[in-house]
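Chemist: Single-letter residue listing:
There are 2 protein chains.
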Amino acid sequence: MNPENPLDNVRIVLSHPSHPGNIGASARAMKTMGLSSLVLVSPRFFPDREADVLASKAVDVLTQARVCTSLDEALSGTVLAAALSARRRELSHAVYSPSKAAGILLQQAQQKPVALVFGGETSGLSNEQIIKCQMLVRIPANPDYSALNLAAAVQVMCYELRLALENSVPRESEFEAASFEEIEMFYRHLENVLVGTGFLNPEQPKRLMERLRRLFSRTRLEKDEVDLLRGILNSIRQ
Amino acid sequence: MNPENPLDNVRIVLSHPSHPGNIGASARAMKTMGLSSLVLVSPRFFPDREADVLASKAVDVLTQARVCTSLDEALSGTVLAAALSARRRELSHAVYSPSKAAGILLQQAQQKPVALVFGGETSGLSNEQIIKCQMLVRIPANPDYSALNLAAAVQVMCYELRLALENSVPRESEFEAASFEEIEMFYRHLENVLVGTGFLNPEQPKRLMERLRRLFSRTRLEKDEVDLLRGILNSIRQ
Chain A
1 MNPENPLDNV RIVLSHPSHP GNIGASARAM KTMGLSSLVL VSPRFFPDRE
51 ADVLASKAVD VLTQARVCTS LDEALSGTVL AAALSARRRE LSHAVYSPSK
101 AAGILLQQAQ QKPVALVFGG ETSGLSNEQI IKCQMLVRIP ANPDYSALNL
151 AAAVQVMCYE LRLALENSVP RESEFEAASF EEIEMFYRHL ENVLVGTGFL
201 NPEQPKRLME RLRRLFSRTR LEKDEVDLLR GILNSIRQ
Chain B
1001 MNPENPLDNV RIVLSHPSHP GNIGASARAM KTMGLSSLVL VSPRFFPDRE
1051 ADVLASKAVD VLTQARVCTS LDEALSGTVL AAALSARRRE LSHAVYSPSK
1101 AAGILLQQAQ QKPVALVFGG ETSGLSNEQI IKCQMLVRIP ANPDYSALNL
1151 AAAVQVMCYE LRLALENSVP RESEFEAASF EEIEMFYRHL ENVLVGTGFL
1201 NPEQPKRLME RLRRLFSRTR LEKDEVDLLR GILNSIRQ
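In order, the protein sequence lines correspond to chains A and B.
Each residue of the first sequence is one higher than the one before, counting from 1 in the working numbering.
Each residue of the second sequence is one higher than the one before, counting from 1001 in the working numbering.
Hints are computed from structural coordinates only; laboratory data are not their basis.
Cβ coordinates follow ideal geometry from the N, Cα and C atoms, glycine included.
Check each hint, because a few of them may be wrong.
Said to hold, decoys possible - In silico lysine-lysine, DSS-like type, Cα no more than 25 Å apart, as pairs:
(1) A/Lys-223 <-> B/Lys-1206
(2) B/Lys-1100 <-> A/Lys-100
(3) A/Lys-112 <-> A/Lys-223
(4) A/Lys-206 <-> B/Lys-1223
(5) B/Lys-1100 <-> B/Lys-1112
(6) B/Lys-1132 <-> B/Lys-1100
Unchecked claim - Computed footprint of chain B on chain A, listed as stretches where at least three residues anywhere in the stretch have a Cβ under 8 Å from a Cβ of chain B:
(7) 29-39
(8) 63-73
(9) 107-118
(10) 135-143
(11) 188-201
Stated by the list, open to error - Pairwise CB distance ranges (calculated):
(12) B/Ala-1094 <-> A/Arg-66: 40 to 48 Å
(13) A/Glu-203 <-> B/Ser-1217: 51 to 59 Å
(14) B/Glu-1181 <-> A/Glu-50: 55 to 63 Å
(15) B/Asp-1227 <-> A/Gly-77: 33 to 41 Å
(16) A/Ser-123 <-> B/Arg-1188: 43 to 51 Å
(17) A/Arg-66 <-> B/Phe-1180: 42 to 50 Å
(18) B/Glu-1181 <-> A/Glu-4: 17 to 25 Å
(19) A/Pro-47 <-> B/Asn-1201: 54 to 62 Å
(20) B/Gln-1064 <-> A/Ser-18: 40 to 48 Å
(21) A/Phe-175 <-> B/Glu-1181: 25 to 33 Å
One chain only, chain A, in its complex shape (with noise of 0.2 Å):
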């Protein structure tokens, strides 16, 4: 990690890619913004030939790509995540613009790693996989015809991040921000005493927990306040 450049902290995370081609194309979009880490999830071919073609001077990007076969796993010490999604969802986060996204990504950068993740060319991301991260990001498109390519949408980002790095002032956060595993055992412990009150009826869950992760992931909880609400379940008699 070097301070120096919070864009070293930003992983682009490529879940279920499909055709080498655009992990290649991904690899040599962000390059040729200034990021380097690069995580896939279970890609279907990798390493690949065309990836390395189509990375064209950015293969050092692939040879030091990460292969994970979970998105826990891709996200493990990030402090915010963000998906992309082209599909309306119902109850879901609040959407981000690419612009605005990138100038959140890229403070929480200068501290800690942070992530940017794609779904595969077909199905893009699932809701499991979207309620992981704490942003959803659209793309603004043609509302007939939005389906960006996998490499196209990497690169719109990677500018943006880029264009926030230009345009940053270098700030210092004053409040440390909690990583995706204490976030996670946050939601674990909220949902044991929620079932425990009778607030949550674990046969019937109603996207309970969903809607309560959309509202806390608005906030990016910070170290202390997951201590402080989880001392708060810990005060509820079950």
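Here the structure of chain A is known, so what remains is to put chain B in place on it, guided by the hints.
Modeler: Frame of chain A, contents of chain B only:
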């Protein structure tokens, strides 16, 4: 030409593209952002199956593409043309950012055709071609590797044009925000419950409510979410 959509008045001109895949991917990039007018100057291969495949659902843009033998022909009828260039040039035009250039082009496109001109994959645009254009645009990039793929550069510029288009139209939020009164009632409810569970000692409140207010303030709570949170508070035995 549809005066209701100035993007119809923006030509994407590719000069001497060598890879048909890039022509197809450019067509897709254009259509996802709402552009449709593609002009090819002496393409090496066109039409081509590879272009059709990469265009995905934007084959109509390829079908309607105009093929020319010179940049003069491609720019005929335009009132403004912007050339893309990654290289630094002596004695060049003033250099515009993608965002600034998109704003100017779109404004002109409300009246008359304008063009964005991209060079071929290997050598880009010649100085002779650039001086046919009125503006020079440089996409901010990594100084160590600034060579965006051709279709990726088209994607970035078309994205900026779409932003320029959408920024002129105000939009409404999808969710209803909770009112000041509703939020204050939630805090009072929360405080009572925390006193009831023993977590909050009214003799020594230790800024607990202040910290919780700070946390929830960042979310801009919605009406439904306040109802949900108060439902949870009601379920807690004290």
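Chemist: Decide, hint by hint, whether the structure agrees.
Modeler: Consistency of the hints with the structure:
1. The suggested pairing of A/Lys-223 with B/Lys-1206 holds, with an alpha-carbon distance near 18 Å, which does not exceed 25 Å.
2. For the given pair, B/Lys-1100 sits about 18 Å from A/Lys-100 by alpha-carbon distance, which is consistent with the 25 Å threshold.
3. Between A/Lys-112 and A/Lys-223, the direct Cα distance comes to roughly 13 Å. Compliance with the 25 Å bound is thereby established for this hinted pair.
4. Of the supplied pair hints, the one linking A/Lys-206 and B/Lys-1223 holds, its CA atoms being roughly 18 Å apart against a limit of 25 Å.
5. Annotation: proposed proximity of B/Lys-1100 to B/Lys-1112 holds, straight-line Cα distance about 18 Å (limit 25 Å).
6. Restraint check for B/Lys-1132 and B/Lys-1100: satisfied, since their Cα atoms lie roughly 20 Å apart, inside the 25 Å limit.
7. Coverage of the stretch 29-39 of chain A by chain B holds in this model, with 5 residues showing a Cβ closer than 8 Å to a Cβ of that chain against a need of three.
8. Given a C-beta distance limit of less than 8 Å, the hint that chain B covers the stretch 63-73 of chain A is violated, as 0 residues qualify and 3 are needed.
9. For the stretch 107-118 of chain A, the stated coverage by chain B is not satisfied: 0 residues place a CB nearer than 8 Å to a CB of that chain, which falls below the threshold of 3.
10. For the stretch 135-143 of chain A, the proposed coverage by chain B is satisfied: 4 residues have a C-beta within less than 8 Å of a C-beta in that chain, meeting the threshold of three.
11. Beta-carbon proximity to chain B at under 8 Å applies to 4 residues in the stretch 188-201 of chain A; the threshold of 3 is reached and the given coverage holds.
12. Distance hint check for B/Ala-1094 and A/Arg-66: the Cβ-Cβ separation is about 42 Å, which falls inside the suggested range of 40 to 48 Å.
13. Distance hint for A/Glu-203 and B/Ser-1217: a CB-CB separation of about 35 Å, inconsistent with the stated range 51 to 59 Å.
14. The hint said 55 to 63 Å for the Cβ distance between B/Glu-1181 and A/Glu-50, and at roughly 60 Å that hint holds.
15. Between B/Asp-1227 and A/Gly-77 the C-beta distance comes to about 36 Å, which sits within the given range of 33 to 41 Å.
16. Separation of A/Ser-123 from B/Arg-1188 is about 45 Å and conforms to the stated range, judged on CB atoms against 43 to 51 Å.
17. Between A/Arg-66 and B/Phe-1180 the beta carbon distance is about 47 Å. The supplied range of 42 to 50 Å therefore holds.
18. Separated by about 48 Å at the C-beta atoms, B/Glu-1181 and A/Glu-4 break the suggested range of 17 to 25 Å.
19. Taken as a hint, the range 54 to 62 Å holds for the pair A/Pro-47 and B/Asn-1201, whose Cβ atoms sit roughly 60 Å apart.
20. Here the CB-CB span from B/Gln-1064 to A/Ser-18 is close to 29 Å, at odds with the stated 40 to 48 Å.
21. Between A/Phe-175 and B/Glu-1181 the CB atoms are about 29 Å apart, so this pair conforms to the stated range of 25 to 33 Å.
Violated hints, listed in ascending order, are 8, 9, 13, 18, 20; each of the other numbered hints is respected by the structure.
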